[in-house]
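Colleague: Please build the complex by placing chain B on the supplied structure of chain A, with the hints as guidance.
One letter stands for each residue in the lines below.
There are 2 protein chains.
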Amino acid sequence: MKEIANLMAYRPGVKVVDATLRDGGLVNDFYFQDDFVKALYLTNLRAGVDYMEFGYKADKEMFDVNKFGKWKFCDDEDIRAVVGDNATDLKISVMADVGRCNYKQDILLRKDSPIDLIRVATYLNTIPAAVDMIEDAANKGYEVSCNIMAISNAQEGDLRAALEILGQTPVNVFYIVDSYGAMYPEQIARLTDVYMEFAAKYNKKVGIHAHNNQQLAFANTIEAVGDGVDWLDATYSSMGRGAGNCAMELLLGFLKNPKYNVYPAIQFIDTHMNKLKEEGVVWGYDLQYLMTGLLNQHPRTAIQFTKEGRKDYAEFYRQVVAQD
Amino acid sequence: MKEIANLMAYRPGVKVVDATLRDGGLVNDFYFQDDFVKALYLTNLRAGVDYMEFGYKADKEMFDVNKFGKWKFCDDEDIRAVVGDNATDLKISVMADVGRCNYKQDILLRKDSPIDLIRVATYLNTIPAAVDMIEDAANKGYEVSCNIMAISNAQEGDLRAALEILGQTPVNVFYIVDSYGAMYPEQIARLTDVYMEFAAKYNKKVGIHAHNNQQLAFANTIEAVGDGVDWLDATYSSMGRGAGNCAMELLLGFLKNPKYNVYPAIQFIDTHMNKLKEEGVVWGYDLQYLMTGLLNQHPRTAIQFTKEGRKDYAEFYRQVVAQD
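Which chain is which? The protein sequence lines are A and B, in order. Under the numbering used here, the first sequence has 22 at position 39, and the numbering climbs by one with no breaks. Under the numbering used here, the second sequence has 199 at position 216, and the numbering climbs by one with no breaks.
Hints may contain errors.
Identical copies look the same in the list; a pair holds intra-copy or inter-copy alike.
Straight-line alpha carbon distances no greater than 30 Å define the calculated DSS-like cross-link-like pairs of lysine-lysine that follow [stated by the list, open to error]:
no.	residue 1	residue 2
1	Lys188	Lys258
2	Lys294	Lys239
3	Lys258	Lys290
4	Lys94	Lys53
5	Lys242	Lys294
6	Lys290	Lys188
Please keep in mind that the hints were generated in silico from the structure rather than gathered at the bench.
One chain only, chain A, in its complex shape (with noise of 0.2 Å):
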């Protein structure tokens, strides 16, 4: 059990990481409203939030970019628009994902970027790859964040194997990713015990992103901050990729740093989120989603599954539990 302290008091070092418009463009191809963005990046000034991240910096020979909204792309040019020169304590950040970035050529220098934090997404299998994103972002002045994605799919043993690499880089920020959202806080529990173990050893910090497939995003990031973890990703009304995240709404009501507000959350929900979902962007916690994270499956089955507009739950079952 954990100290009585530690939900009292609070942390300092704590960071809230929002990724609405990042993990949430996953649902709506990126595109959002310049005027939901704007109003978005005032409230997590108004909230406390300590990073807004715009979306990823995605490869335009790879994606289409009449495809998908500007986020996708992160120019930085579009940061500004939104941001002016940024002179607040909200930092920006991108994500970067291995495979499906032009970091070299799209990545510019911090000193002439909005951005202050690249965070480099990656699997178990491609840490090399990684290592070169992280090593080009250091060098170009910014902080930087590996995020290990699908975590509940790996061995202890790689996973080590990997934050020993990944120590010895100039990486700020080790995060835990339930891409599948299979785990329970128990799990998450040992998982930080092991990250903490290199954090310690290499002078990182640990986050965490959690996916709500099992309604346990949030336990699982209280579980974690309670672990020692710093970095707490969230997004409004849990807004992501399937069932999506860690509510932030949920988040800032727990977190107990006066710097944190839960009412301009409520403010941004009322009038922005709520539309969204109104206008049919469909994310959040389903009975679809729940079985993928309990078999422990990538979500894609289960996405599939709510873009058909299905709702032969008992069907979708059968047929998850059957694949191999």
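Modeller: Leaving out everything else, chain B in the frame of chain A:
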């Protein structure tokens, strides 16, 4: 951190209690169709659920039988119409509220009844009345639990005094009831320690009934079972007052005892629960319940907000924060 064995193995003493008709009845005034109730009973049998709660034993002199469905009153003959002589492993329970039940008259001898378990629901300030009900039920031959509601508002000293009194009664199970959905898993762990101390002293079991105001009903339930709690309340699709309860489909997916099966739960939801929602019965996590949970308030204002079809979440937040 809990032991890995707790997650991979299982504790045979765990009991799952389906409270769908009882807590769910609070959102549709107990008007369930007969075929729904029959299908629920058959589902619980197939899913390996241990207890099925049919509803309340409410006092007919206090509540108008024309204004509620029959499961608010749970006449023995109505239960028999569903379960026959119930020659199964599934036991039957009803809830009896302190002050709202004519228990001496309405609860018959167990040998003449299909009911196995009487769950006495009380607040901390009505323990002597609860004790009288517990003794009445035990004397009639029933298993008995005592469900202490609104526990997030309890002083630990008062709780200890209550458990000391209840320990000396024939009650079988002490229940933790987070009526306001206000508690975090870390707090559940600490509260469970107090309950377990008295359970050990008096040879009782401990149960948990959680609410989902902060999307923690399932997380709090699995926290509690990891801490030694054996009796776990759940409802299909989380159906229950306000934000609802721990979802049966999440709990059955989590529990490792092979007697439990999640597939019948999915089938039942597919066929019956989604139909209820389509018919306009409303429950489940929403922003107004987050707010009352966060503020440790009774959800009645949030329920009223829902009933009125209001969507002005920010205005509601101002109201609940402002009220003394």
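Colleague: Please go over all the hints and tell whether each is borne out by the structure.
Modeller: Hint check results:
In the homo-oligomer, the alpha carbons of lysine 188 and lysine 258 never lie at most 30 Å apart, since the shortest distance is 36 Å inside one protomer and 47 Å across protomers. In the homo-oligomer, the alpha carbons of lysine 294 and lysine 239 lie at most 30 Å apart only across protomers (27 Å), although the nearest pairing inside one protomer, at 40 Å, exceeds that limit. For a Cα distance limit of 30 Å, the shortest separation of lysine 258 from lysine 290 qualifies both inside one copy, at 19 Å, and across copies, at 20 Å. Taking identical chains as interchangeable, the C-alpha atoms of lysine 94 and lysine 53 lie at most 30 Å apart only when both belong to the same chain, with a minimum of 22 Å there against 71 Å between chains.
In the homo-oligomer, the alpha carbons of lysine 242 and lysine 294 lie at most 30 Å apart only across protomers (27 Å), although the nearest pairing inside one protomer, at 43 Å, exceeds that limit. For the homomeric pair lysine 290 and lysine 188, neither the shortest alpha-carbon distance inside one copy (37 Å) nor that between copies (45 Å) is at most 30 Å.
Checked against the numbered hints above, the structure violates hints 1 and 6; every other hint is satisfied.
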